[in-house]
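There are 2 protein chains.
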Amino acid sequence: MSAPTPAGSCKTVLAGGIAKKLLSEVSSGLQTLGRRPRLYGFLANQDPAARMYADWTARTCTENGFDFVLREVDREDLEDELRHANTDDDVDGIIVYYPVFGSRRDQTLQWTVSMYKDVEGLSPQLISNMYQNIRFLDPPNNTRKSILPCTPLAVIKILEHLNIYNTFLDYGKRLFGRRITVINRSEVVGRPLAALLANDGAEVYSVDITGVQKFSRGSGLKKQKHEVQDLEGWGLEQCLPISDVVISGVPGESYKVPTNLIREGAACINFSSEKNFNPDVKEKASIYVPAIGKVTIVVLMRNLLRIVQNKPTTDGLEP
Amino acid sequence: MSAPTPAGSCKTVLAGGIAKKLLSEVSSGLQTLGRRPRLYGFLANQDPAARMYADWTARTCTENGFDFVLREVDREDLEDELRHANTDDDVDGIIVYYPVFGSRRDQTLQWTVSMYKDVEGLSPQLISNMYQNIRFLDPPNNTRKSILPCTPLAVIKILEHLNIYNTFLDYGKRLFGRRITVINRSEVVGRPLAALLANDGAEVYSVDITGVQKFSRGSGLKKQKHEVQDLEGWGLEQCLPISDVVISGVPGESYKVPTNLIREGAACINFSSEKNFNPDVKEKASIYVPAIGKVTIVVLMRNLLRIVQNKPTTDGLEP
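Going down the list, the protein sequences come from chains A and B.
With numbering that gives the first Met the number 0 applied, the first sequence corresponds to residues 0 to 318, in that order.
With numbering that gives the first Met the number 0 applied, the second sequence corresponds to residues 0 to 318, in that order.
Quick caveat, the hints were computed from the structure, so don't treat them as lab data.
Only a predicted model underlies this, so the values are computations on that prediction, with no experimental measurement involved.
Possibly wrong hints are sitting among the right ones.
A pair counts as met if it fits within one copy or between any two copies, since identical chains are not told apart.
Derived lysine to any residue pairs resembling SDA-like cross-links, with alpha carbons at most 25 Å apart [stated by the list, open to error]:
1) K20 with D207
2) K281 with N162
3) K20 with R74
4) K213 with N259
5) K221 with N277
6) K20 with F167
7) K224 with R37
8) K221 with T11
9) K144 with I133
10) K274 with E75
11) K20 with E159
12) K19 with T258
13) K20 with T166
14) K213 with I241
15) K10 with I155
16) K20 with D169
17) K281 with E226
18) K293 with F167
19) K293 with E159
20) K10 with N162
21) K281 with S218
22) K19 with F100
23) K310 with L13
24) K224 with Y287
25) K310 with G251
26) K221 with T86
Let the hints inform the model, and build the full structure from the sequences given.
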């Protein structure tokens, strides 16, 4: 025969399929557990997007063997409510639908959630572990994995699914040799994602409106955790042509990653709610993932499962 | 815990392990077959290296369920002997230990071997299929794979083992997005290897003393087979820093690939009998394969097995 047809060399990969695979892993973990973990969702605003997300979590949870309890509370009461949930043995996991105050006070709320119930992985200790490449809560036993923030972890699960993580390499180094551009350096997604990818061995170009930073563990991955370096004078013109993977999460509707700068055969992943890639990306990319939301929601359930699996029995790990 | 220890990020991969895995595939194919394929090895010179190779083939064959018959003949009789073996139903595969005359006449001998018995994959029709990216002998049925030359195929099997072929991508495109430098452009190994890698989607920089050529299937792999382009003014300085994989097969003892030009996290494979990489390659590479000989010999047996599996029953595929 001739070679496979050259038309359509780019594979468009929908999040649904990846989510399904992850979900089956979560399901089998749940069966071993033998009970329904319970997630409390706190809604303290009138934001329709927040309510939609809450409804979505509720449906996905109940359809997949988790209990979801929606707690609608006045925002002034939320801090107390969270403290109560932190110590309530009937509550396994907690999620808060932000924004609540839409100010710095939201961060205080975020920090109020117990790190042992934080399915979103936003507690200071969890965030600190992540940046420092500390992967377990209980060194040196290393039986309880630290919880990672949902959206960055969803991107990682997608990269694993696409074999961009090379399982031939050792755990913690499976992106060694990869160059990855991440467009977005927010505290919630872009910066933690760049750190996670660099901690796994990649050389990451983190791009935002202020410029480009390189996240990497240095020559031969000799460093234990990533370090950050400003790349003066760099822009997408420098990053994209040398990147195997391009991950974009720019919120603006008009923002588009310039296709002409993308390297032949790159994998392109969009985590924005807007379409950051032009349709012609398929003429250059080997893989295109247009959206990741469905994976993120499964990762949230996976985090909840992990939290329950992490529960100490008698050794007093919890505060 | 902390991240995995950063020391020794490079994995040194020995051919023996890869050979063993391939061998088990060959063994199970052999069991299905239910008989011992027979390989004729023709030795018509006094070259001690050729005899050693013959002894090595003999041992590996007999240890693994193949019959090996060493035919020592006068070189003037070899052409007739080959014609006889071509039509002898007791002979499944043929290998000739070169050099015989050490001149162009050796190529005539090579072309005398029937393509249906050529375990080395050097027959003109097989070579032509390979360069044209035609993968089967019996289009459009596509049940009988064309035989590929042993050493290039051994390199491909190694790249598959290392997950450098991405099985998430479609067959025939699994190297899309990879940039590979091949140092050596011999007719026996370097050039066919560059062609095979490019036909599978890679952008290949083929380097020899005369300069650099790019083998690729063009933007979006729109071309059915690879095309070759001279890269004027290019040298290793241009190729190595952008290559994910570096494959070297320079016969000279003094030749070394300059480590400083190799990209962080590259996979480095040596197919020369000399050591083409300096020991410090391990400080930059993610994977280092110092030699491939053991894989090549298994590939030879794999080719023999395939030849037997390819045998036509009644449809007159053979001449």
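**Report entry** Intra- versus inter-copy proximity for R74 and K20 (alpha-carbon distance at most 25 Å)
**Finding:** neither (37 Å within a copy, 61 Å between copies)
Query raised in the report: Within a copy, between copies, both or neither: where do K19 and T258 come within 25 Å Cα-Cα?
Result: Neither way: K19 and T258 sit 30 Å apart in one copy and 44 Å across, limit 25 Å.
Query - Alpha-carbon proximity context of K20 and D169, limit 25 Å - result: both (23 Å within a copy, 19 Å between copies)
Report task. Indicate which option fits the pair K281, N162 if close means a Cα-Cα distance not exceeding 25 Å: within, between, both or neither. Result -> Answer is both: 19 Å inside a copy and 23 Å across each meet the 25 Å cutoff.
Query raised in the report: Is the C-alpha distance from K213 to I241 at most 25 Å within one copy, between copies, in both cases, or in neither?
Result: Classified as both; 13 Å inside a copy, 17 Å across copies.
Query - Homomeric proximity label, K224 with Y287: Cα distance no greater than 25 Å - result: Between copies only: 23 Å across, 29 Å inside.
Query raised in the report: Under a CA distance limit of 25 Å, which applies to K281 and S218: within one copy, between copies, both, or neither?
Result: between (33 Å within a copy, 11 Å between copies)
Query - Same-copy or cross-copy closeness of K20 to D207 [CA-CA at most 25 Å] - result: neither (32 Å within a copy, 46 Å between copies)
Query raised in the report: How would you label the pair K310, G251 (within, between, both, or neither) given a Cα cut-off of 25 Å?
Result: neither (41 Å within a copy, 61 Å between copies)
Report task. Classify it for me, K221 with N277: is the Cα-Cα distance of at most 25 Å met within a copy, between copies, both or neither? Result -> between (38 Å within a copy, 19 Å between copies)
Query raised in the report: Between K20 and T166, at a C-alpha cutoff of 25 Å, which is it: within one copy, between copies, both, or neither?
Result: Intra 18 Å, inter 17 Å, cutoff 25 Å: intra and inter.
Report task. Check K274 against E75 for me: Cα-Cα at most 25 Å, and say if that holds within a copy, between copies, both or neither. Result -> neither (36 Å within a copy, 71 Å between copies)
Hint compliance for this structure: hints 1, 3, 7, 10, 12, 22, 23, 25, 26 are broken, all remaining hints hold.
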